[in-house]
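Participant: Going by numbering that gives the first Met the number 0, the first residue of the sequence shown is number 0, and it counts up by one from there.
Don't read these hints as lab results, they were simulated from the structure. You may find that some hints are simply not true.
For lysine to aspartate or glutamate, the following DMTMM-like pairs were computed, each having C-alpha atoms within a straight-line distance of at most 25 Å [to be verified]:
id, residue 1, residue 2
1, K114, D37
2, K40, D135
3, K102, E30
Here are the in silico distance ranges between beta carbons for each label pair [claimed, not checked]:
id, residue 1, residue 2, range
4, R43, F150, 35 to 45 Å
5, R55, W141, 37 to 47 Å
6, T53, G137, 45 to 55 Å
Here a beta-carbon is modelled for each residue, glycine too, at the ideal position from N, C-alpha and C.
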Amino acid sequence: MISADGDSLFTCVRWPRSKSPKRAESLANLERLLPWDDLEKIVRGVYLSDKRSTGRPGYPAMMLLRCLVVRWFWNLSDDQTEAVILDSYATARFIGTDPWKPKPPSASLIRGFRKHLDFHGVLNDIKSKIDACFNDAGIKVWCGLVREPVFKRTAARVVPESLASCASTGND
Numbered sequence: 000m001i002s003a004d005g006d007s008l009f010t011c012v013r014w015p016r017s018k019s020p021k022r023a024e025s026l027a028n029l030e031r032l033l034p035w036d037d038l039e040k041i042v043r044g045v046y047l048s049d050k051r052s053t054g055r056p057g058y059p060a061m062m063l064l065r066c067l068v069v070r071w072f073w074n075l076s077d078d079q080t081e082a083v084i085l086d087s088y089a090t091a092r093f094i095g096t097d098p099w100k101p102k103p104p105s106a107s108l109i110r111g112f113r114k115h116l117d118f119h120g121v122l123n124d125i126k127s128k129i130d131a132c133f134n135d136a137g138i139k140v141w142c143g144l145v146r147e148p149v150f151k152r153t154a155a156r157v158v159p160e161s162l163a164s165c166a167s168t169g170n171d
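My request is simple: use the sequences and hints to build the entire structure.
Facilitator: So, in structure tokens, the structure goes:
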């Protein structure tokens, strides 16, 4: 179901007076600052899978380019990029996907696109264009970080104090 303004109903629900998530603010900055048309022209020279007239249409070049930008700015692997897109409404919206349409690009597709651009020698051109854009604007950018907790089995059973105190206050 779609709302009047084109957003899917569930995802357009917001808490009253809530702040926008930091990731959404960062993505809005990228949207505003990067020369998307110039970047797409660089990609268009070597990627035409979304323009072919036969077979299954490929993902749009702009969507895959935006996946790479998310990957670079949050220092993610291809698998982590896919997970962030699936998990974050702001990121999914930034790359141009919609929860009511086919799923966003998979990690293997993002990896293949990245390697395709690297093989044709345009990956560094894209990075240089992005770097030049920020330099011209007088902006320094540090990569963000998205990390999942790591669970590792130990030889002995150890319960951290913080978890032990939580468990002892439960209503049994």
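Participant: For each hint, tell me whether it holds in the structure or not.
Facilitator: Verification of the supplied hints:
For the hint pairing K114 with D37, the CA-to-CA distance comes to about 20 Å; that is within 25 Å, so the pair holds. Under the criterion of a C-alpha separation no larger than 25 Å, the hint pairing K40 with D135 is consistent with the structure, at around 20 Å. Pair hint K102 plus E30 holds up; C-alpha atoms about 22 Å apart against a cutoff of 25 Å. For R43 paired with F150, a C-beta distance near 43 Å keeps the hint of 35 to 45 Å intact.
Separated by about 39 Å at the C-beta atoms, R55 and W141 satisfy the suggested range of 37 to 47 Å. Here the CB-CB span from T53 to G137 is close to 47 Å, well matched to the stated 45 to 55 Å.
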